Amino acid sequence: MDAHELGIILISRGMLKFGEFTLTSGKKSNIYVDLRPLPSFPEEFMKIATEMSKRMNGDFGICGVAVGGLPLATAVAIISRRPLIYVRKEKKEHGTESLLEGSLNMRSYVIIDDVATTGGSILNAARIVRSHGPDVKEAWVVVDRMQGAAESLKEESIELKSLATLPDIVKLVLDSLPERERSYALKYLGEVGV
1 MDAHELGIIL ISRGMLKFGE FTLTSGKKSN IYVDLRPLPS FPEEFMKIAT
51 EMSKRMNGDF GICGVAVGGL PLATAVAIIS RRPLIYVRKE KKEHGTESLL
101 EGSLNMRSYV IIDDVATTGG SILNAARIVR SHGPDVKEAW VVVDRMQGAA
151 ESLKEESIEL KSLATLPDIV KLVLDSLPER ERSYALKYLG EVGV
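The sequence shown lines up with residues 1 to 194 when you count with UniProt numbering.
Hints in this document: simulated from the structure, not taken from any laboratory.
Keep in mind that this is a model prediction, so the values were computed, not measured.
A couple of the hints might just be wrong.
Said to hold, decoys possible - Only pairs whose alpha carbons sit at most 30 Å apart, straight line, appear in this in silico BS3-like list of lysine-lysine: (1) K27 to K154; (2) K187 to K154; (3) K154 to K171; (4) K187 to K54; (5) K17 to K27; (6) K89 to K154.
Taking the hints into account, I'd like the entire structure generated from these sequences.
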């Protein structure tokens, strides 16, 4: 799967949106990548999860970031037959009151999320996993927006990997976009320096 194929999936399934948006990081953007509906399209979902699984090497468990990364992390863990844990967005107020769910039975975990912008959600998950003993050296996302996540994670010795970058996807689908979406896409490319 290359960036063009991924871009076609995102556009055809309404997961790549153009307009004016505020991202989880608080940043403003003219492009929004919304992968939460991905599991509603099982063929595309499994294709993406399988591709991510194929690109991973080593002896590690999988850690999903709730909410967007958890379905993908679950699929990748099942396909690759790796143990799964996940980090909650906030501590439960009942039961074990834990931020981390699952059995920590690996020395190292790979964090999986859907999209990376600044890397804040991934970094938070990595710190929580590390605070319980295991190491985190790698994180995977479907789309890296190329807006600082890789640099932020590198400062914590975590390598960010992605199936594609948003600038690559946008450049490859640019000519097929209607004028309004094309203008938003060009504005985004200018903002990220492409």
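Right, here's what the structure says about each hint:
1. K27 to K154: Satisfied, since the Cα-Cα distance of roughly 20 Å is no more than 30 Å.
2. K187 to K154: holds, 27 Å
3. K154 to K171: Holds, at roughly 26 Å.
4. K187 to K54: violated, 34 Å
5. K17 to K27: holds, 16 Å
6. K89 to K154: holds, 22 Å
Taken one by one, the earlier hints fail for this structure only at number 4.
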